[in-house]
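Participant: Spelled out from the first residue to the last, the chains are:
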Amino acid sequence: MKFTLSWLKDHLDTDASLGDILSALTRVGLEVEGVENPAERLSGFRIARVLTAERHPQADKLQVLSVDAGNGPLQVVCGAPNARAGLVGVFGLPGATVPANGMVLRVAAIRGVESNGMMCSTRELELGEDHDGIIELPGDATVGTDFASYAQLDDPVIDVSVTPNRPDCMGVRGIARDLAAAGLGSLKPLDACAVAGEGAGPDVRIDDAEGCRAFYAQGVSGVKNGESPEWLRRRLTAIGQKPISALVDVTNYVMIDLGRPLHVYDRAKLSGALVARAAKDGEEVLALNGRTYHLRAGMTVIADDAAVHDIGGVMGGEYSGVTADTTDVLIECAYFDPDAIARTGQALQLSSDARTRFERGVDPAFLDDGLAIATRMVVELCGGCPSEVTRVGEPPLEPRRYAYDPARAETLGGLAVAPERQRAILTSLGFTVDDDWQVTVPTWRPDIDGSADLVEEVIRIEGIDNVPSVPLARPAGVATPTATPTQKLERRVRRAAAARGLDEAVTWSFVSEDAAAAFGGGAWTLANPISEELKVMRPSLLPGLLSAAERNLKRGAEGVRLFELGRRYLAGGKDGAADERATLGLVLAGNAHTRGWRTGKAAAFDAFDAKAEALALLAAAGAPVDNLQVMGADGVWSGEAWHPGQSGTLRLGPKTVLAAFGMLHPRTLKAFDLAGSVAAVELYLDAIPAKRGASGFMRTPYAPPALQQVRRDFAFVVPEGVSADALTRAVKGADKASIVSARVFDVFTGAGVEPGTKSVALEIVLQPGEKSFTDAELKAISDKVVAAAAKQGATLRG
Amino acid sequence: MISAATSGTAEGMSDIEDMKAHYLVAIDACAGLEALEAVRVEALGKQGRVTALLKTMGKLSPDERLVQGPAIHGLREAVTQALATRKDVLENVALEAKLAAERIDVTLPVDTLPMGSVHPVSQVMDELAEIFADLGFAVATGPEIEDDWHNFGALNIPDTHPARAMQDTFYLERPARAAGEAGTASSDDTGSAGGAAPFVLRTHTSPVQIRTMMQQKPPLRIIAPGRVYRSDWDATHTPMFHQIEGLVIDKGITLGHLKWTLETFLRAFFERDDVVLRLRPSYFPFTEPSAEVDVGFTMEKGKRVIGGDPNGPGGGWMEVLGSGMVHPKVIAACGLDPDEWQGFAFGCGIDRLAMLKYGIDDLRPVFEGDIRWLKHYGFAALDVPTLSAGVGSGGVGTA
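Protein sequences, first through last, are from chains A and B. Be aware that the first sequence starts at 3, since it is given in my numbering, and climbs by one per residue. Be aware that the second sequence starts at 3, since it is given in my numbering, and climbs by one per residue.
Next comes chain A alone, as it looks inside the complex:
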């Protein structure tokens, strides 16, 4: 919301400085977003008289002027056709900056003739569009005076941000009222004297009482529409509104001055009564912004017998808008339902100054005054005879009253304010405060809805910065942990991953449809995505990381180790809600290690790198990693994304999948424009069981075994299809009392091993109990190991 200082002072009687006004505005909640004085941009431009004008010796279209800008004659080269001796215009001195193009004026030779400044056009000073010649001022303008002050442009433009609860401050007068309440002067009385009308008012009617509560109208006949007077054009221009014609400018002026939107119709374009009614599906209207809108049933429109003329409260129609030829007008001052306006505006994606005010709520008690002021201005500027006013419907004027306890300022607002001071504040804002603290809300404050709002009024005027800080009492007792179990888990895993050399990324929660499809497809699609790339809620964390890896590799990174902690978004929550699962995604792309003098050639990441990360991070998360089963990646949501022969899952029992790991399918990589091979891990943090008995800090007693462990090696020949995991499990289970671990330490195929088989060497660790193993016992254990392995198709290698 923009206005100028002089405009504000039309309503506010004040001696306060601009600085005081600006800081008061911010202090009461009208945040100042900017302030600019057009005069500052016009410094260095003075009123000057052309003394003589001669032809330029080198150029037909140029003249050499002698100009007096207050300090005697200066030679100036000028190309304007209207430059002539005696003309009084605006002269830019060397050093001044031309507002329109930012050019700094200098003494320079133009076609060999020295020029000491510039005579300016309206457009060059950004005061209008005219560029046909230089500005011509009245002959009595005082030569040498500052042009900005002569033209009354020394008027700072203030831009404040008005919060949506304050439609009253969408008019200059409302802002003045707040400032007066804040002690910056007094609010001047408003002259709303009506011009006496003659003859019947216009024929208007309401057929849609829900959308349009009241429709007041007044006709003015015999007007002459033209350019608005200088002061009005200057004000509108200053705040960025383009002056159009006196009739249109009046409606804009009243809207900005008083927060009251109006519309003016050319009565010659209307036939029959003007009716506020609900639109019919498929009706169309060409609006004043030049676009045609297709209306839906239920939207409120203003129409006559022939056509829709106005999207009620949002935007007028082109056809019945006023023109230079308009002679008879109808001025509409209506009260539209705020919710209906908001819905219509949203549905049509159409915003306007009128909509902004109506949907926030205009003053329902200001229809008569608003119309009277507008009509008076029309008559003053355009002449004509006003009719009587037609009033149909009734604006909602039920008084809103709340019981208020002035103690609330302190018990809620934290600021002790004397009751009489509170009464004064509320009264200055237009509230009526009875002796028993029944407070009646002014009609222009739709936002006030209970005593908390009244506290806010008191606090913001008294000064929210005056509220003293009061420490929150420390909770009694021993501090309890404040992090959630999931948060603690995520912290451990995050820092474990970073400690293992992985970089944490944060990527978008939404990915493209194709990226989601590569990982089983997303359940949730945005109805209004910002782009196709950010359209589907991710079913996996890998798509975002793969895209990041791809960018990093393209930039020349040799090895990319990225992880992310976040949610994947599935369907199937309670009552149709989403099922959001805490997940860690991890991508290893490029080289695991670079070429080196010790390690030789560079090597890419492989599936075992991914498995190592998965196990390490699961261990950090407190998962029982010794009990995990390795199974295929099929059966997980992202199953299709993995290399079928080089991936797996880590499961706690056959159903609980804690992680998927391995190489990604070449098809997946292609979807992300990745060359080479990429290893990845998905850790399903939500599936990790909470630790049992984690209630105390006490550990079990430490009791190291008395006797040393015994190690034995076995080499088996097994069919190629037998997994290391199956063989290890079998061997480990051969004698559960003695065997504490079994580990593959060599796998070999080739010479000496029959095709279709492989040699697998295991080390088993035996823990003796109270006595050392005898040779016979060791032999028996060995036999059991060999027998157990045999069940997997293994034979002891000779």
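Since the hints were derived computationally from the structure, they do not count as laboratory data. In this text the structure is predicted, and so the values were computed from the model without any measurement. Not one of these hints is a red herring.
Distance ranges between label pairs, derived from CB positions:
#1 A:G574 with B:D363: 36 to 46 angstroms
#2 B:A237 with A:D205: 50 to 60 angstroms
#3 B:H239 with A:R125: 33 to 43 angstroms
#4 B:D236 with A:T429: 40 to 50 angstroms
#5 B:D107 with A:A604: 19 to 29 angstroms
Glycine is no exception: its CB is placed at the ideal position from the N, C-alpha and C atoms.
Position chain B relative to chain A; hints supplied.
Facilitator: Chain B alone, transformed into the frame defined by chain A:
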């Protein structure tokens, strides 16, 4: 005593001295351990000359023994000692030669373990959790795909509120599978779920206020950090960002407590006592009174730094959060009596806090996953924010 010895032994004595001199010279002349061993065998071996001399001792008369005995023993000891000394010298020479041969170029590069990093947003979330834990605030979470009622309705944001317009909120299409199940779901009279109300990506962390108030009994002190979404993308906005919500519900809580909490939090976060706040009255549908909070900044070495006198040269105010007293309607919507319970809430952008504290000038790379950026602005794994060490950190590789 020696002069009293018989002259007959003088020759024998001279032999012993000669032998000693001979061996000491021979031992010193040995260039290697093998030569030394040969000398040892020749002198002290079973057939050695010194050994032979020792064997003669038994045949000597007691008088001869008295004279010759010490001399022979002296010979043996001198030779033994010289052998040992020479052996040490030769062994050291051999070891030095061996070590010299083992010399490597220790200036060759090594492969250190790659240094990972924690994302600044995560680090700052941990910092905030630490600061607020000290003030007794527990961490709460809620869904990001939120229903309309929790995101808007319960927060006193009516259907027609400008924030609901399509350009701000991301709306979600219901999943095909869930749509089939919707028919069997019981309709909810409160309008909190089900029905035709669309799911949205939460536009703020404020729905967690609602969930907390509905699930837990006051008094409450929570923070709720997490991802939030708005359909807005330019130099200073991203469609996904991180917010932290704060909520206190208790008896007798006022705007003064809110002010103290925000001051304490921001000072602890920026680790400066001279952080000053300015509250500006503002509007949020779910708080009343409402205030936007500006924090004072100054210029230090050409960078904006939070803290110091905002009215000084180069100083000013920067908006960092929105706050207010929880609206009575919101408290009532959660089933609490607004006449009994009141409190405050605030919401603050985490990404922005991280950028301000750590001098990150550009928002765009924050969610790009560029490892160069991550390593530059990230934090070492062991930089766990703690109150005792200071919640802030200098970054990867600093103590």
